[in-house]
Amino acid sequence: MSNQIILSENKAQIKGDLLFSSVTQVRAELERAMLTTDQLCIDFGRVEKVDSAALSLWLCLQRFANQHKVHISAENVPQELSAIAHLVGLDQQGLGFTGK
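In this text, residue positions in the sequence shown follow full-length UniProt numbering: the first is 1, and each later residue adds one.
None of these hints come from the bench; they were simulated from the model.
Careful, some of the hints might be misleading.
Derived CB-CB ranges, DEER-like [as the list claims (entries may be wrong)]:
no.	residue 1	residue 2	range
1	C60	L7	15 to 25 Å
2	Q67	T24	30 to 40 Å
3	G89	Q4	27 to 37 Å
4	H71	G45	33 to 43 Å
5	L95	F20	14 to 24 Å
6	H86	T36	29 to 39 Å
7	R63	T36	27 to 37 Å
8	E9	V88	10 to 20 Å
9	G89	T36	30 to 40 Å
Calculated cross-link-like contacts (lysine-lysine; reagent style BS3-like; alpha-carbon spacing at most 25 Å) [as the list claims (entries may be wrong)]:
no.	residue 1	residue 2
10	K11	K69
11	K49	K15
12	K11	K49
These figures come from a predicted structure and were not determined experimentally.
Beta carbons: idealized from backbone N, C-alpha and C, even for Gly.
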């Protein structure tokens with residue numbers, strides 16, 4: 001499934017899969033969006049599949065946001081993504097995740 005980023009006021013909704021094959025494009029789009037605002041909520045509610053690349057994406061976005069003084073938050077994080085974070089020992093609250 002191809003990805004789509006739906007942008008609305010300070011919110012980016014990801015639609016599709018977050019896999020190794022797709023996260024580079026998603027990252028570029030979200031980083032461009034962060035350059036136009038001081039806060040962005042990333043909604044994972046329409047994400048279908050994830051792998052560990054989705055966690056890497058989130059960590060890269062956090063680093064980019066810190067560098068550009070943008071506050072980012074996540075909502076509707078897929079259970080699979082939370083499970084991957086837990087598996088590698090990352091705390092969900094520290095990642096800024098909220099449940100789905």
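Okay, the hints, checked on the actual structure:
Taken as a hint, the range 15 to 25 Å holds for the pair C60 and L7, whose Cβ atoms sit roughly 18 Å apart. As the Cβ distance of Q67 to T24 is approximately 18 Å, the hint placing it in 30 to 40 Å is violated. Between G89 and Q4 the Cβ separation comes to about 32 Å, which falls inside the hinted range of 27 to 37 Å. As the Cβ distance of H71 to G45 is approximately 20 Å, the hint placing it in 33 to 43 Å is violated.
At roughly 20 Å, the beta-carbon separation of L95 and F20 lies within the given 14 to 24 Å, and the hint holds. Roughly 33 Å separates the CB atoms of H86 and T36, a value that falls within the hinted 29 to 39 Å. For the pair R63 and T36, the supplied restraint of 27 to 37 Å is violated, since their beta-carbon distance comes to about 18 Å. Range check, E9 to V88: about 33 Å between beta-carbon atoms, so the 10 to 20 Å window is missed.
Against the hinted window of 30 to 40 Å, the Cβ-Cβ separation of G89 and T36 comes to about 34 Å, which satisfies the hint. A threshold of 25 Å between alpha carbons decides the hint, and for K11 with K69 the separation of about 16 Å falls inside it, so the pair holds. The hinted pair formed by K49 and K15 meets the criterion: a straight-line CA distance of about 10 Å does not exceed 25 Å. Straight-line distance between C-alpha atoms of K11 and K49 comes to about 20 Å, which keeps the hinted pair within the 25 Å bound.
The structure shown violates the earlier hints numbered 2, 4, 7, 8.
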